[in-house]
Amino acid sequence: MIGLRLRQLVFASIIALIAYVFLANVMFPASMGVALDSYSLTIVGKYLCFAILAVALDLVWGYCGILSLGHAAFFSLGGYAMGMYLMRQIGERGTYGHPVLPDFMVFLNWEQLPWFWYGFDAFWFAGLMIFFAPGILAFVFGWFAFRSRVSGVYLSIITQALTYALMLAFFRNEMGFGGNNGLTDFKDLLGYPLTSDGVRVWLMLSSGLALLLSLFLCQKLLATKFGRVLVAVRDSESRTRFLGYRVEHFKLVAFVMSAMIAGLAGALYVPQVGIINPGEFSPLASIEVVVWVALGGRGSLYGAALGAIVVNAAKTFFTGFYPEAWLFFLGAMFVISTLYLPRGILGALEDLAQQVKGKAPKLSQEGLS
Amino acid sequence: MQTRSWKRTFKNTIFASAVGLSVSLAHAADTIKVGVLHSLSGTMAISETTLKDTVLMMVEQQNAKGGLLGKKLEAVVVDPASNWPLFAEKTRELLEKEKVDVIFGCWTSVSRKSVLPVIEELNGLMFYPVQYEGEESSKNVFYTGAAPNQQAIPAVNYLIDELGVERFVLAGTDYVYPRTTNKILENYLKNLGIGESDIMINYTPFGHSDWQTIVSDIKAFGSAGKKTAVVSTINGDANVPFYKELGNQGMSAEDIPVIAFSVGEEELSGFDTGPLVGHLAAWNYFMSAEAEVNDEFIEAWHSFTGDTARVTNDPMEATYIGFEMWAKAVEKAGTTEVDKVRPALYGTAVPNLTGGTAVMHTNHHLQKPVLIGEILEDGQFEIVSATPGEVIGDAWTDYLPDSAKIIADWTAPVNCGNYNIETQQCSGQNF
Amino acid sequence: MSRASSPALRTHIMVRVGSFIFSLFFLFQVASAQTFVQGKALADASLKEKAVWMEKLASDDSEEATRILQYWLDGILVYWPQENRLVRGIKEGRRYQLQDLMTEEALGAVSSREIDRVKTNNSLRSALKQVLGSRQLGSSDRNVRLSAIAELKRRPDYKVLPLLKKREASEQDDQVARQLSELIGLVLLESAEANEQMEGLRRISGGLSPEVKDSLSRFLLNPNLDPGVVEVAQRELDAITRSLMYWGIGQDLFFGLSLGSVLLLAAIGLAITFGVMGVINMAHGEFIMLGAYTTFVIQQWIPATSMWSLLISIPTAFVVSGTAGIILERLVIRHLYGRPLETLLATFGVSLILQQLVRTVFGPLNQSVVTPDLLSGALDINAAFSVTYNRLFVIAFALCVLVTLWGVMQRTPFGVRVRAVTMNRGMASSMGVQTQRVDALAFGLGSGIAGMGGVALSQLTNVGPNLGQSYIVDSFMVVVFGGVGNLFGTVFAALSLGVANKMLEPLSGAVLAKILILVFIILFIQKRPRGLFALKGRAAED
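Protein chains in written order, with my numbering: chain A, 1 to 369; chain B, 1 to 431; chain C, 1 to 542.
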């Protein structure tokens, strides 16, 4: 019950945040002092995107037992799809003024647009690719991997190999994605300039809504019979298989869904930070996502979202205030929370609340209502 | 109760930290804030930490001289952690939250590209102290490092004229600076009549550590009857294993000299230079330059770091020049307001550390001497060649047909960083 | 270059040319002086003028001239204005110790401002080496003669032919004679006469060195050759290219083995902690880094050029990293057994702390680890195939570590206990094995080996705070590809991935080779979901 209430609180806080921004920045922007400035807007927007990514990872890791060390790949693919759309929107305003080719292609003496850039001038196409690019990759990868019953650390490491290979590939200038510099210098989105505060507010609001939506959808999905089977797979894969379920199908659906949500997070992230480059594919970035989820509370979608926000807020705080020593704080935070908060922040809070109520702490990790 | 306190914590997290500590530290009116945007962790910390210390030293010196405009300077250091999106975020933090008057920062091209939109939007002022690929001139950035014509072209001229090189290996890390430099050099060499088959271009990923194959390829390429040299734009970290492999495979500077654009005193202090004697580097400054002002700078650096073994290098000189210029321009303008300081910077001259004078031009680039140095046993450079005068930095290279027709000039009537003299149009600007 | 500066440039050149002519004049006037007194002129000369000075000194075969040339080459020839003469100046810190040229008598220390160093550059240096080389041909030390020949081969000069022929007649040593003959062959190629050219080609036939190939290619660029000679020369060149290709494959194989050994050293410790104990240790890379830093610290105490510093570093690094590992196990990991994924989180935190710790203690810059003299350079199997000593050391070292580890695991009571705990923790415990102790020691062993890997890596790459990061991902790939829990699998995986990578690299380039390897691993795991050598039996169950 308490756990439920905590979750509702997280949910409510996000709604409150969105409502606040909506009221303060959109409805009554004139009332000075209450509106968030553009620095806070982009930074909160970024946290929300990371929270979506954490929810996506928790869906497969927390509920289905698939530890993906390659979720940054799906995130980045979504980001690149968005970035390609934004690049095409620059049009003639690029450095070299070429009507079609992005600057880096002009620079590398490319004669024409490579085939995989076609269509990205239309928002609907880019919007589809945000989901399909990571989705198809996840489908192909998952279809092979789950059918061959690759599991445990083996699966984790090959997801890592996947994102590592993609990173190396995107670093290559010959690939046609801008190499190390990636995609940057974006001008506008759907015709509105990205540097205007209005667009920033809407981007942040959409990130908030997307987070709510993905939380809501995942929760609904997990409440169905499908979700029950997923948890069964997590707890004992072979037993579920012996019961007659095609385990690989369930895993595949969850994996693809998760990849699509991650892609959405990436797509919302890119216009807010203004750059996407292959560094986002790095295996360490994926491990960080795992850390957020673990810290927030694996097996709880809200915990994952909370973990992402807490870790990133801590990072922002420490890199600004203790630039020389922030890694000590962050590292210590990971170690201590693992040792003393085995069920993550949300789990610890639940236990605490239960103890206050005089009840024994719950043992189960899932606690789906 | 618990729930409520938790709620408070939660709110604090979101609103205090996330909102970038909206408990904004009251902007003290009696200090001038200097933002320092260099990575202190991650892969670039190796190079950038030194520059952070340089800025801190300059701030300290300026304060000892009584500050600027009667105010003390205050350095605001943040750590963008070698993470490119974080560079943009931290720039915004410096400009919006900390309200700094100037930023010294960035090293890699991608970090600069990431910072550009923010600094242009908020009309900040940044000094960028590293040699770079050119093809850019932002209203809000002053480039105190070398443009390609201040490093690459004179270096190749030296190879051809002094060493009689006829065959070139252009080896670089796969990112925009080496790509641009190599493209310019390839064009330049072909115009000099050097054939396609005498140019070998090779790109490696960041942090490449296994150079066995590439070094033996270079060796094979170099044994074709013509004097061969390597022009290296290999980035920082990958250089140590590269040079170690050169030494071990016995490729001496007399056989195949390597001229590097990213290897300076500091990179050399990370390894044993014994086998590297005679390999070259092209910069605008070497620690071994003989000038009074250089000795003073080195001494100040040693006493600031408390370590007499610390070396100085070219990006440090660029930081030094940038800082001195900014201070001078602020004095001239009588304010730190960007729109007043910017015009005051044009034509500002300060002594550089090699005994000459650095002047800021209206394309936001400096005029600098180009020096060629040979590596000595002790990790220092012997200056073997210097351009007779200072070379003016060219934002848009003349050696590529596309950019030859573009100029940058931030004064009237052009007032543009990307002005096509053929079509008389200004493009690619964000405002 | 800017166009504006070109008038200035022209004036500058004119001044240069003028002073050059003047100095020539000056030079011939004093050509017969007994002792070399024009130190100032030499020190002030431009690099072009210095070349003239050098020619002059070259024609003077007095001991003094030889010494001047030698010190000039070594960069310790300085002009001392106070006494207006050339002396030997050895840099110590920021001052120079001066010595008399001939007697080497100490003349006191001065600051760099009080003297003028006679500078060199690449082309001068190589010319100096040539001159000194022809002087040293008559040396009684065969190694000096060999290096002199090697130097002369770099730029075969037809002028020295009579000297070489004279030396050849009196040369006793077989190896020197062979090298000398090849040198004469190269020199003969510079001749304008066809019969001499043919003689040269005959002499260099079968040689594979880069100098031979270089000279031959240059020779063929000459348009005035006799067609018969061209045919022979072309045949020679083709033969060289062909055998270089075969040797190149051998070279790639060696490169692959050496890369494989590096991977092995990085991964084998992980194979114990990850494979055997099931701990996902993200701080493993940092243990490697600790080992490399240990080497650096040891080198501050013991002369870095001696092999001893490296040999002492090996056990020290084992102890340092091993202790760090045991501390980590006792403080953190002990509490997390049975929750392998959470070890990932905690050790990731530890890895961040260790990185920052090193950065705080040693500074963010790379540290200079010196390669001992014994390990610098290369072992030349023949002119086309040489293996560098440090790579050879790494391969041998990896082999030693492997054999020792195998011995420990198979032949000692400790090894038996570790294997027992791996196979069935509960059963081992009930048989009286102190599993906690075994865990701690095994973790220490794995970490210690990582530290020893760090010692080896310090000879090849950067020693900096990021060292560990660059190997951790590769290490996990190797362990998983080989099959978790199987040491032999790890060895096989490391070597085969190393060789495959190096074989692909010449065809596809470094990046693509790595991508292909990663894709291969992904596909391979589909085929064998438990790695190359899957454990069978109970241990393999989840």
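Since the hints were derived computationally from the structure, they do not count as laboratory data. Check before you lean on any hint, since a few could be wrong.
Which stretches of chain C does chain B cover? Using the computed rule of at least three CB atoms under 8 Å from a CB of chain B, they are [said to hold, decoys possible]:
| # | segment |
| --- | --- |
| 1 | 122-128 |
| 2 | 249-261 |
| 3 | 360-373 |
| 4 | 521-529 |
Result set (DSS-like, lysine-lysine): computed pairs, CA atoms no more than 27 Å apart in a straight line [stated by the list, open to error]:
| # | chain 1 | residue 1 | chain 2 | residue 2 |
| --- | --- | --- | --- | --- |
| 5 | B | K332 | B | K71 |
| 6 | B | K99 | B | K328 |
| 7 | B | K139 | B | K183 |
| 8 | C | K91 | B | K226 |
| 9 | B | K33 | B | K65 |
| 10 | B | K71 | B | K405 |
| 11 | C | K91 | C | K159 |
| 12 | B | K72 | B | K405 |
| 13 | B | K332 | B | K65 |
| 14 | B | K332 | B | K33 |
| 15 | B | K219 | B | K183 |
| 16 | B | K139 | C | K159 |
| 17 | C | K166 | C | K91 |
| 18 | B | K227 | C | K159 |
| 19 | B | K340 | B | K65 |
| 20 | B | K332 | A | K187 |
| 21 | A | K187 | B | K328 |
| 22 | B | K190 | B | K99 |
| 23 | C | K165 | C | K91 |
| 24 | B | K227 | C | K56 |
| 25 | C | K165 | C | K48 |
| 26 | C | K48 | C | K166 |
| 27 | B | K227 | A | K187 |
| 28 | B | K227 | C | K91 |
| 29 | B | K71 | B | K190 |
| 30 | C | K48 | B | K226 |
| 31 | B | K139 | B | K190 |
From chain C, some residues computed to sit far from chain B (all C-beta separations above 10 Å) [claimed, not checked]:
| # | residue |
| --- | --- |
| 32 | V52 |
| 33 | Y158 |
| 34 | F219 |
| 35 | L221 |
| 36 | S376 |
| 37 | E505 |
Beta carbons are placed, not taken as given, at the ideal position from N, Cα and C, and that holds for glycine.
Hints, verified against the model:
Taking a C-beta to C-beta cut-off of 8 Å, the segment 122-128 of chain C contributes 4 residues in contact with chain B, enough for the three needed, and the coverage statement holds. By the rule of at least three residues with a Cβ nearer than 8 Å to a Cβ of chain B, the coverage given for the segment 249-261 of chain C holds, with 5 such residues. Residue count for the segment 360-373 of chain C with a Cβ under 8 Å from a Cβ of chain B: 9. That meets the three needed, and the coverage hint holds. Counting residues of the segment 521-529 of chain C whose CB lies closer than 8 Å to any CB of chain B gives 0, which falls below the minimum of 3, so the coverage claim is violated.
Between K332/B and K71/B the CA atoms are separated by roughly 15 Å; this keeps the pair inside 27 Å, and the hint holds. For the hint pairing K99/B with K328/B, the CA-to-CA distance comes to about 21 Å; that is within 27 Å, so the pair holds. With a C-alpha separation of about 26 Å, the suggested pair K139/B and K183/B falls inside the 27 Å cut-off, and the hint holds. The hinted pair formed by K91/C and K226/B fails the criterion: a straight-line CA distance of about 36 Å is larger than 27 Å.
Pair hint K33/B plus K65/B holds up; C-alpha atoms about 16 Å apart against a cutoff of 27 Å. With a C-alpha separation of about 44 Å, the suggested pair K71/B and K405/B falls outside the 27 Å cut-off, and the hint is violated. For the suggested pair K91/C and K159/C, the alpha carbons sit about 37 Å apart, so the restraint of at most 27 Å is broken. Distance restraint check for K72/B and K405/B: the Cα-Cα separation of roughly 44 Å exceeds the 27 Å cut-off, and the hinted pair is therefore not satisfied.
Restraint check: the Cα-Cα separation between K332/B and K65/B comes to about 16 Å, which is no more than 27 Å; the hinted pair holds. Taking the CA atoms of K332/B and K33/B, the gap is near 18 Å; set against the 27 Å cutoff, the hint holds. Proximity of K219/B to K183/B is assessed by CA-CA distance (about 23 Å); at most 27 Å being required, the pair is judged to hold. Straight-line distance between C-alpha atoms of K139/B and K159/C comes to about 62 Å, which puts the hinted pair past the 27 Å bound.
Proposed proximity of K166/C and K91/C is contradicted: the alpha carbons are some 40 Å apart, above 27 Å. Of the pairs offered as hints, the one joining K227/B and K159/C holds, with about 20 Å between alpha carbons and a cut-off of 27 Å not exceeded. Taking the CA atoms of K340/B and K65/B, the gap is about 23 Å. The hint holds against a cut of 27 Å. Note on K332/B and K187/A: the hinted pairing is violated, with a Cα-Cα distance of about 35 Å set against a maximum of 27 Å.
Distance hint between K187/A and K328/B is unfulfilled; the C-alpha atoms sit about 35 Å from each other, more than 27 Å. Note on K190/B and K99/B: the hinted pairing is violated, with a Cα-Cα distance of about 49 Å set against a maximum of 27 Å. Proximity of K165/C to K91/C is assessed by CA-CA distance (about 41 Å); at most 27 Å being required, the pair is judged violated. The suggested pairing of K227/B with K56/C holds, with an alpha-carbon distance near 25 Å, which does not exceed 27 Å.
Note on K165/C and K48/C: the hinted pairing is violated, with a Cα-Cα distance of about 32 Å set against a maximum of 27 Å. This hinted pair does not check out: K48/C and K166/C have alpha carbons roughly 32 Å apart, beyond 27 Å. Pair hint K227/B plus K187/A does not hold up; C-alpha atoms about 48 Å apart against a cutoff of 27 Å. Between K227/B and K91/C the alpha-carbon distance is near 33 Å, which puts this suggested pair outside the 27 Å criterion.
For the given pair, K71/B sits about 55 Å from K190/B by alpha-carbon distance, which is inconsistent with the 27 Å threshold. Restraint check for K48/C and K226/B: satisfied, since their Cα atoms lie roughly 22 Å apart, inside the 27 Å limit. Among the hinted pairs, K139/B with K190/B is inconsistent with the structure: their alpha-carbon atoms are about 34 Å apart, more than 27 Å. Every beta carbon of chain B lies more than 10 Å from that of V52/C, the smallest distance being close to 15 Å; the non-interface claim holds.
Every Cβ of chain B is farther than 10 Å from the Cβ of Y158/C; the closest lies at roughly 16 Å, confirming the non-interface assignment. Some Cβ of chain B comes within 10 Å of the Cβ of F219/C; the nearest lies about 7 Å off, and the non-interface call is violated. Not every CB of chain B lies more than 10 Å from the CB of L221/C, the least distance being 6 Å, so the non-interface label is violated. Listed as a non-interface residue, S376/C fails to keep its Cβ farther than 10 Å from every Cβ of chain B; the least gap is roughly 7 Å.
With a cut of 10 Å on Cβ distances, E505/C falls inside the contact zone with chain B, its closest approach being about 5 Å.
Violation of the numbered hints given earlier is confined to hints 4, 8, 10, 11, 12, 16, 17, 20, 21, 22, 23, 25, 26, 27, 28, 29, 31, 34, 35, 36, 37; the remaining hints are satisfied by the structure.
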